Each structure stands twice: as structure tokens, then as C-alpha cells.
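**Q** Spelled out, the chains give:
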Amino acid sequence: EPEVTQTPSHQVTQMGQEVILRCVPISNHLYFYWYRQILGQKVEFLVSFYNNEISEKSEIFDDQFSVERPDGSNFTLKIRSTKLEDSAMYFCASSSPDRGMTGAFFGQGTRLTVV
Amino acid sequence: GENVEQHPSTLSVQEGDSAVIKCTYSDSASNYFPWYKQELGKGPQLIIDIRSNVGEKKDQRIAVTLNKTAKHFSLHITETQPEDSAVYFCAATFNSGNTPLVFGKGTRLSVIA
Chain A
-5 EPEVTQTPSH QVTQMGQEVI LRCVPISNHL YFYWYRQILG QKVEFLVSFY
45 NNEISEKSEI FDDQFSVERP DGSNFTLKIR STKLEDSAMY FCASSSPDRG
95 MTGAFFGQGT RLTVV
Chain B
7 GENVEQHPST LSVQEGDSAV IKCTYSDSAS NYFPWYKQEL GKGPQLIIDI
57 RSNVGEKKDQ RIAVTLNKTA KHFSLHITET QPEDSAVYFC AATFNSGNTP
107 LVFGKGTRLS VIA
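As they're listed, the protein sequences go chains A and B. Going by my numbering, the first residue of the first sequence is number -5, and it counts up by one from there. Going by my numbering, the first residue of the second sequence is number 7, and it counts up by one from there.
Hints in this document: simulated from the structure, not taken from any laboratory. Don't take every hint at face value.
Said to hold, decoys possible - With a straight-line cut-off of 27 Å between C-alpha atoms, the simulated BS3-like cross-links for lysine-lysine are:
hint, chain 1, residue 1, chain 2, residue 2
1, B, 63, A, 51
2, A, 36, B, 77
3, A, 77, B, 77
4, B, 43, B, 64
5, B, 111, B, 77
6, B, 111, B, 63
7, B, 28, A, 72
8, A, 36, B, 111
9, B, 64, A, 51
10, A, 36, B, 48
11, A, 72, B, 74
12, B, 48, B, 74
Because the structure is a prediction, the values reported are computed rather than measured.
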């Protein structure tokens, strides 16, 4: 069964450093998303990406964040100048063009710990 | 924007009993309601979904009901098994392409053998 894969599974970084979280979406999917989940809280939408550009972003997704699809297979989330409150699980998801967010497949997540 | 409330936050049931998790949503335009199961160390996995043009959907031991008038939907798991133990999330969205899902806070279900 096809799956979304994320690397690394756990990332520890110093406050103020930059991190890049990586995702390989399912190969024939064209919509890509990042969500995050702070411990004990809701899964929150960050950004959606389609046709090589951001299609929607939440208030959380400020100038500290950026996304990129550097090649035909990877989808990355960059967090600049990390803060303690950026510590969370970050989930990548993808879906096929005829289904949009419906039926999205999620990766296993990257646990980001900012110290 | 959409807001989804989910109850209860934790639920313990005896193996073989049924479990019910309830969610309410605020945006009457929402028309797609998926349920995700998250096991420890894994990402959310879609287990069942329902669209606003139907009131109930079943898949083996899992069923979802939707009441559009009251703006609430529920997940029903019958004959629970220990492997059903996980965190369950409801979500809602308006299916217009890639409109993002809005999730509930999750319910930790424990099935006691």
C-alpha cells in the first residue's frame, strides 16, 4: 500500500536554529499539506501546496515557515529561527487531485523538540 | 471559520462492548467528515468518512452517523477489541478541492481485555 514517508522521525534542535522536515508524498498525489500537533492538543493545519505554490495557509504559518518541493518527489517544511513553542509533531499529508483534502494520507510524523 | 469539538477526551470500555465518540461542528457549509485513528508513533490513518448527502455509513464494526440539522456526527465501534485502542480524531471540511481539514482534539480509547 502506498504511504507518505517523513524524515527524520525525531529532530532535536537548539532554539534559534533552522530545521528542515522532509516528506515524500504518495507518487501520484498532487496536493500536499503540513499539519502540526502540539502535545495533548488538536492537529492543526499549517499549509497546503498545489501546482508548485501555496494554495492556503493558516495564521500559524508566518514568515518563520516556508515550504518547497525541490524535486519531483520531496516536499519540505523549513522552520527558521526555531522557538521553544515550535516543539510539536509535524505531519505531512498528500491527496490525489480528484479528492483534495478528502481522503488524505498522513505520514507518521516528525517529532520536533526545540531546546 | 470551522470549529470542531470532540467528546469524550478519554474513553475506556471492556472488550466486546461498544464505543461511541461524538463531534460537533460549527460551519454549516462543511460537507465532509472523516475519522482518523492514530496509534502510538504513527500518523493519523483514515478509517471511515461520511459526506453530507448521507446520514449513516458502515464498514464492518465501524459506523459513522451524521445529523446535519444539529451539526454533529458520531463514530460507533461495536464489539471492541484491544487493537482498537488508539486516539481517534474527527474532522470536518468543505470539499472544494484542498480546503484543509479542521480536527477535533481527539479521544483516547482504551479497550480493556
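**Q** Mind checking the alpha carbons of residue 48 of chain B and residue 74 of chain B for me, to see if they're no more than 27 Å apart?
**A** Roughly 31 Å separates the two Cα atoms, so the pair is violated.
**Q** Is the straight-line distance between the alpha-carbon of residue 72 of chain A and that of residue 74 of chain B 27 Å or less?
**A** violated, 39 Å
**Q** What's the verdict on residue 111 of chain B and residue 77 of chain B, does the C-alpha distance respect the 27 Å limit or exceed it?
**A** holds, 17 Å
**Q** If you draw a straight line from the CA of residue 64 of chain B to the CA of residue 51 of chain A, is it 27 Å or shorter?
**A** Not OK: residue 64 of chain B and residue 51 of chain A at ~33 Å, beyond 27 Å, violated.
**Q** Between the alpha carbons of residue 77 of chain A and residue 77 of chain B, is the straight-line distance 27 Å or under?
**A** With Cα atoms ~37 Å apart, residue 77 of chain A and residue 77 of chain B exceed 27 Å; violated.
**Q** Are the Cα atoms of residue 36 of chain A and residue 48 of chain B separated by 27 Å or less?
**A** holds, 15 Å
**Q** Verify the proposed pairing of residue 111 of chain B with residue 63 of chain B, using a straight-line Cα cut of 27 Å.
**A** Given that 27 Å is the threshold and the Cα spacing comes to 23 Å, the pair holds.
**Q** Given the hint that residue 63 of chain B pairs with residue 51 of chain A, test it: the Cα-Cα distance must not exceed 27 Å.
**A** This hinted pair is violated, its Cα atoms lying about 31 Å apart.
**Q** Between the alpha carbons of residue 36 of chain A and residue 77 of chain B, is the straight-line distance 27 Å or under?
**A** holds, 20 Å
**Q** For the pair supplied as a hint, residue 36 of chain A and residue 111 of chain B, is the alpha-carbon distance within the 27 Å limit?
**A** Roughly 4 Å separates the two Cα atoms, so the pair holds.
**Q** Are the Cα atoms of residue 43 of chain B and residue 64 of chain B separated by 27 Å or less?
**A** Holds. Residue 43 of chain B to residue 64 of chain B sits at ~16 Å (cutoff 27 Å).
**Q** Does the structure keep residue 28 of chain B and residue 72 of chain A at a Cα separation of 27 Å or less?
**A** Given pair residue 28 of chain B, residue 72 of chain A is violated - Cα atoms ~35 Å apart, limit 27 Å.
Violation of the numbered hints given earlier is confined to hints 1, 3, 7, 9, 11 and 12; the remaining hints are satisfied by the structure.
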